[in-house]
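*Asks:* Listed below are the residues making up each chain.
Number of protein chains: 2
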Amino acid sequence: IGAINDDDVGDELGSPWAQEPKRHALLKPASKRPFNAEPPIGMLADKFYTPNELFYVRNHLPVPSINPDEYELELVVELSNAQSNRTFNLDDIQKMPKHTVTAAIMCGGNRRSEMTRIKPVKGLSWGPGAVGNAKWSGARLCDVLQAQGVQPDERLHVIFEGADLDPTAHPYGASIPLSKALDPRGDVVLAYEMNDQPLSRDHGYPIRAIVPGTVGARNVKWLTRIVVTDSESDSHWQQNDYKGFSPSTDWDTVDFSLAQAIQAMPVTSAICTPMPEERVKVDKDGCITVRGYAWSGGGRRIERVDLTSDAGKTWHVAQLEQENLPDGRHYGWSLWTARLPISADQQKEQHMEIWAKAVDSSYNVQPEAFENIWNLRGVLANAYHKVKVKLSQ
Amino acid sequence: IGAINDDDVGDELGSPWAQEPKRHALLKPASKRPFNAEPPIGMLADKFYTPNELFYVRNHLPVPSINPDEYELELVVELSNAQSNRTFNLDDIQKMPKHTVTAAIMCGGNRRSEMTRIKPVKGLSWGPGAVGNAKWSGARLCDVLQAQGVQPDERLHVIFEGADLDPTAHPYGASIPLSKALDPRGDVVLAYEMNDQPLSRDHGYPIRAIVPGTVGARNVKWLTRIVVTDSESDSHWQQNDYKGFSPSTDWDTVDFSLAQAIQAMPVTSAICTPMPEERVKVDKDGCITVRGYAWSGGGRRIERVDLTSDAGKTWHVAQLEQENLPDGRHYGWSLWTARLPISADQQKEQHMEIWAKAVDSSYNVQPEAFENIWNLRGVLANAYHKVKVKLSQ
Ligand SMILES: [Mo]
Ligand SMILES: [Mo]
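From first to last, the protein sequence lines stand for chains A and B.
The opening position of the first sequence corresponds to residue 187 in the working numbering, with each subsequent residue numbered one higher.
The opening position of the second sequence corresponds to residue 187 in the working numbering, with each subsequent residue numbered one higher.
Treat the hints with caution; some may be incorrect.
Pairs count within a copy or across copies, as identical chains cannot be separated in the list.
[Claimed, not checked] Simulated pairs of lysine to any residue, SDA-like, Cα-Cα distance not exceeding 25 Å:
1) K499 to S434
2) K321 to P384
3) K572 to T415
4) K499 to K572
5) K572 to I304
6) K499 to V307
7) K321 to E340
8) K308 to V503
9) K572 to Q508
10) K321 to P338
11) K284 to Q505
12) K305 to A497
13) K284 to P338
14) K574 to R303
15) K572 to G498
16) K208 to E418
17) K470 to V263
18) K499 to D436
19) K284 to S365
20) K574 to S434
21) K214 to K321
22) K308 to P338
Just so you know, these hints were derived from the structure itself, not from any lab.
Since the model is a prediction, treat every value here as computed from it, not as a measurement.
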């Protein structure tokens, strides 16, 4: 990937970068080739459904250009005693029962820039904006698989391949357990719509796998091939990336085969407003208003978000805006608002640090700091979000 | 409960305490009436399956005495348009297909005594031994419910009632979502065997609900009634206990209706050997051996356990002993062993603190300390386990 991420690659006709789509001017690139960008953090909590054009973009390779009339999605089912193949075109998928699910998609490296401050890591320097929340519509993968006669089997995996190719013409790939794909409560969708609009090219046109509750990297865009088989994807991104390690594991000692590929993500939250170093006015009731998002993987609902402006001496519970969906199937994010009382002493100080921590429906909670969750790839950066602001009366 | 937990209640014939079973001498009582006790922490990691007689006992009320020939289990299905009732005897349950699941059961208050050191809480002073791991066998609840025609419905709950009665003759009760009960991967069992032996009276003879991955309180013992209905159990233990709150919520401000009843438990671990203040010999390779358990709720496998003897400067990954079961269905605990190198400087110090933290398959991690997860009931006490030991050469 390093080689591709080179900004001086030409984009003359025939270059893999010649057909990149136009992007919204507010998206801040973490890298341009492949294009990776997040929206301004201050806008992220404005809307429960992130506007499509401001949704973070995480591309691993050049964006493919797909003619919808020629689009084909191949499904291969490899069982020990039999193999079946079937090819769908776009119309086949769109004729199936349409299922809609609200799901936040989060990059495994979201908030990496905070972890990097402890010690450098390998990876794009994401702020807390490598996440977005959308309504995704398409055919349910469980319906597609059941129609092909696929039965539950704990040993099997579902591999997704995209139309995006690396320089050796290998596609982007990732996999999930078959149990997730077959579970009706798993809500895995072959999505052709994002917030009621056809997918844009940056988000996987014409079809993207949406695996709610699961790290962004498994939500494969420009989906061209699905394989049900007895091993995980052999792709770089499944095998040698997107895994967590102990803080003492370094590039000399790491053995990627010893860690499990990230699937469900841990609980996290971020303060969207005020932004770092922003000057905040204390209102007439002596409070400031803080707003942000919280999310947990695996369909776990956010139970509570706690805020403190005095390093944990007093905690204030935020109001949550979230869908009324049951635990285990709550895939959207929660937006939250808290009013924090600011003491007279704090107002004299002028500087103040706000901390946010979320608790999910399993009562898992964010870790306090990055030191003890640091890992060499800078993924899973879910420590308390801490934002320093300036106060004014 | 307070009133019942009174040690000077007489146990003359006719007293509800007259028929308490005999207990193993090594079980350390946290309270005698009702009987609550845990095994010595130093023995807990000796065996992957906790011996039945050393398995922690968490009783909320006196132990009922049930004649197996007269035992009846009532199943009530209350749907909006219909109600059905069916009664099973012990033989009916034992004739159904037998399903075995390994599951750790953990009290919601496990490790409460560590949280209490920050600030007092209401609850029994459990050490880290209010957990055990066993093989449970019985009829699958999903089979029982499907035979009664129960269909998936996200709004429904399954209420369990025990034969143990409070002084007003109300039974112990708790509930779980129907989605957990109906999911074949949920592995909920109406168990009549624990580690291949009939349940003992302290563990729910003749039948106990085993809800793998879910806090002990929902694993109702002496099961006499199951109700499928559109609300949670109205019991004290479901409504006004076993819930988590912010550290700043106190008994004057708490509103139990605002928090969700604990179901799946968060990731945790404990060091079993060495024990606190134990004198530990550094071996010829300059190491000490540390052993313990780790577990996470919701069927989440333990991914990794990290140990440090220098407050996080260096972390050492433990070897895991665990079943080879898929994520989401991995209900047993993991035992672990780590060899920690002890530096020459540490050996001079004579005192040392060891920390353990576990990471589960969602890459959720234990919080570092109790200050910011303190709650007025002292539940969910899953911060790093920290044990001070003395060193000898
Ligand atoms: Mo990602
Ligand atoms: Mo408990």
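*Asks:* Now tell me, hint by hint, if it's right for this structure.
*Replies:* Taking the hints in turn, this is what the structure says about them:
no., hint, in the structure
1, K499 to S434, "between (31 Å within a copy, 8 Å between copies)"
2, K321 to P384, "within (12 Å within a copy, 50 Å between copies)"
3, K572 to T415, "neither (43 Å within a copy, 43 Å between copies)"
4, K499 to K572, "both (15 Å within a copy, 22 Å between copies)"
5, K572 to I304, "both (14 Å within a copy, 23 Å between copies)"
6, K499 to V307, "between (32 Å within a copy, 17 Å between copies)"
7, K321 to E340, "between (29 Å within a copy, 20 Å between copies)"
8, K308 to V503, "between (35 Å within a copy, 22 Å between copies)"
9, K572 to Q508, "within (23 Å within a copy, 37 Å between copies)"
10, K321 to P338, "between (27 Å within a copy, 23 Å between copies)"
11, K284 to Q505, "neither (33 Å within a copy, 46 Å between copies)"
12, K305 to A497, "both (23 Å within a copy, 17 Å between copies)"
13, K284 to P338, "both (23 Å within a copy, 20 Å between copies)"
14, K574 to R303, "within (15 Å within a copy, 31 Å between copies)"
15, K572 to G498, "both (12 Å within a copy, 21 Å between copies)"
16, K208 to E418, "neither (34 Å within a copy, 51 Å between copies)"
17, K470 to V263, "neither (64 Å within a copy, 55 Å between copies)"
18, K499 to D436, "between (36 Å within a copy, 14 Å between copies)"
19, K284 to S365, "both (21 Å within a copy, 23 Å between copies)"
20, K574 to S434, "between (29 Å within a copy, 22 Å between copies)"
21, K214 to K321, "within (23 Å within a copy, 53 Å between copies)"
22, K308 to P338, "neither (38 Å within a copy, 45 Å between copies)"
The structure fails hints 3, 11, 16, 17 and 22 (numbered hints given earlier, in ascending order).
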